[in-house]
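Quick note: the sequence shown uses UniProt numbering, first residue 1, plus one each step.
Don't read these hints as lab results, they were simulated from the structure.
Hints may be right or wrong, so weigh each one.
As the list claims (entries may be wrong) - Computed Cβ-Cβ distance ranges for the label pairs, DEER-style:
#1 Asp52 to Val144: 17 to 27 Å
#2 Ser65 to Ala124: 42 to 52 Å
#3 Gln125 to Ser78: 45 to 55 Å
#4 Lys145 to Lys109: 33 to 43 Å
#5 Ile155 to Glu44: 26 to 36 Å
#6 Lys145 to Arg76: 32 to 42 Å
#7 Lys109 to Ser78: 39 to 49 Å
#8 Val107 to Val144: 23 to 33 Å
#9 Val47 to Leu80: 11 to 21 Å
Claimed, not checked - Pairs of lysine-lysine, DSS-like flavour, derived with a Cα cap of 30 Å:
#10 Lys156 to Lys59
#11 Lys6 to Lys105
#12 Lys156 to Lys31
#13 Lys59 to Lys31
#14 Lys115 to Lys105
#15 Lys145 to Lys156
#16 Lys109 to Lys6
#17 Lys115 to Lys6
#18 Lys109 to Lys138
#19 Lys72 to Lys31
#20 Lys138 to Lys156
#21 Lys59 to Lys145
#22 Lys72 to Lys59
#23 Lys67 to Lys31
#24 Lys138 to Lys115
#25 Lys59 to Lys138
Here the structure is a predicted model, which means the values were calculated and not measured.
Cβ atoms here follow ideal geometry from the backbone N, Cα and C, with glycine treated the same way.
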Amino acid sequence: MPLRGKQLRVRIDCHSVSLTVQNLPQYVSNKLLEEAFSVFGQVERAVVIADDRGRPSGKGIVEFSGKPAARKALERCSFLLTTFPHPVTAEPMDQLDDEEGLLEKLVIKNQQFHKEREQPPRFAQPGSFEYEYAMHWKALIEVVKQQQDQVDRNIKEYGGSSNIKNGTIL
1 MPLRGKQLRV RIDCHSVSLT VQNLPQYVSN KLLEEAFSVF GQVERAVVIA
51 DDRGRPSGKG IVEFSGKPAA RKALERCSFL LTTFPHPVTA EPMDQLDDEE
101 GLLEKLVIKN QQFHKEREQP PRFAQPGSFE YEYAMHWKAL IEVVKQQQDQ
151 VDRNIKEYGG SSNIKNGTIL
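The whole structure should be built from the sequences, with the hints applied where relevant.
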């Protein structure tokens with residue numbers, strides 16, 4: 001909507017009433033998620049996030065009708081939804097602009113901006129310092145990803161077992 005020659009965008013602030021829920025067991029549906037969180041207040045929407053094959057990701061989104069209910073859920077959420085032994089956790093939902101993104105005209109053009117943009121986008125030449133540096137970063141990112149995958153596998157393997165006591169694998 002134009003206002004004095006400038007674009008005015010209005011967004012609804014759902015950040016304070018939306019939660020990201022994690023550690024959802026695989027048999028939790030949208031309906032069960034909504035029922036569970038309705039103890040904190042009126043739920044507008046509850047969605048279990050699934051992949052492209054319809055398999056649950058273990059994460060979900062719960063949107064409340066008001067801030068008090070969302071705050072109460074953040075403070076008190078640590079319950080079990082099924083016989084799965086891990087409690088569900090909730091965090092405030094990150095609001096990301098995935099429709100328009102960051103427009104060029106909104107980028108702050110300070111000294112650092114100009115320094116970062118001295119060179120145009122390019123591919124690093126194999127054998128150059130830039131290339132080696134980038135390859136080390138890629139390798140580190142891959143190591144972190146592999147370690148996270150291993151942690152996830154360990155949690156799955158030991159999660160339902162009686163081999164865990166006070167957070168320590170026996």
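Here's how the hints hold up against the structure:
As the Cβ distance of Asp52 to Val144 is approximately 24 Å, the hint placing it in 17 to 27 Å holds. Between Ser65 and Ala124, the C-beta spacing of about 51 Å keeps the proposed range 42 to 52 Å intact. At about 52 Å, the CB distance of Gln125 to Ser78 agrees with the hint of 45 to 55 Å. Separated by about 34 Å at the C-beta atoms, Lys145 and Lys109 satisfy the suggested range of 33 to 43 Å.
At roughly 31 Å, the beta carbons of Ile155 and Glu44 sit within the given window of 26 to 36 Å. Distance hint check for Lys145 and Arg76: the Cβ-Cβ separation is about 33 Å, which falls inside the suggested range of 32 to 42 Å. A C-beta distance of roughly 46 Å is found between Lys109 and Ser78, which places it inside the suggested range of 39 to 49 Å. Judged by the Cβ atoms, the range 23 to 33 Å given for Val107 and Val144 holds: they are separated by roughly 28 Å.
At about 20 Å, the CB distance of Val47 to Leu80 agrees with the hint of 11 to 21 Å. The hinted pair formed by Lys156 and Lys59 meets the criterion: a straight-line CA distance of about 15 Å does not exceed 30 Å. Restraint check: the Cα-Cα separation between Lys6 and Lys105 comes to about 12 Å, which is no more than 30 Å; the hinted pair holds. Between the alpha carbons of Lys156 and Lys31 the distance comes to roughly 25 Å, so the proposed pair stays at or under 30 Å and holds.
About 14 Å separates the Cα atoms of Lys59 and Lys31, which keeps this hinted pair within 30 Å; it holds. Distance restraint check for Lys115 and Lys105: the Cα-Cα separation of roughly 17 Å lies within the 30 Å cut-off, and the hinted pair is therefore satisfied. With a C-alpha separation of about 17 Å, the suggested pair Lys145 and Lys156 falls inside the 30 Å cut-off, and the hint holds. For the proposed pair Lys109 and Lys6, the alpha carbon gap of about 19 Å is at most 30 Å, so the pair holds.
Between Lys115 and Lys6, the direct Cα distance comes to roughly 28 Å. Compliance with the 30 Å bound is thereby established for this hinted pair. For the given pair, Lys109 sits about 29 Å from Lys138 by alpha-carbon distance, which is consistent with the 30 Å threshold. A hinted pair counts as satisfied when its Cα atoms are at most 30 Å apart, and Lys72 with Lys31 qualifies at roughly 20 Å. Note on Lys138 and Lys156: the hinted pairing holds, with a Cα-Cα distance of about 27 Å set against a maximum of 30 Å.
Annotation: proposed proximity of Lys59 to Lys145 holds, straight-line Cα distance about 18 Å (limit 30 Å). The straight-line distance between the Cα atoms of Lys72 and Lys59 is roughly 19 Å, inside the 30 Å bound, and the hint therefore holds. Among the hinted pairs, Lys67 with Lys31 is consistent with the structure: their alpha-carbon atoms are about 21 Å apart, no more than 30 Å. Between Lys138 and Lys115 the alpha-carbon distance is near 23 Å, which keeps this suggested pair within the 30 Å criterion.
For a cut-off of 30 Å, the pair hint linking Lys59 to Lys138 stands: about 27 Å separates their Cα positions.
Violated hints are absent here; each numbered hint is respected by the structure.
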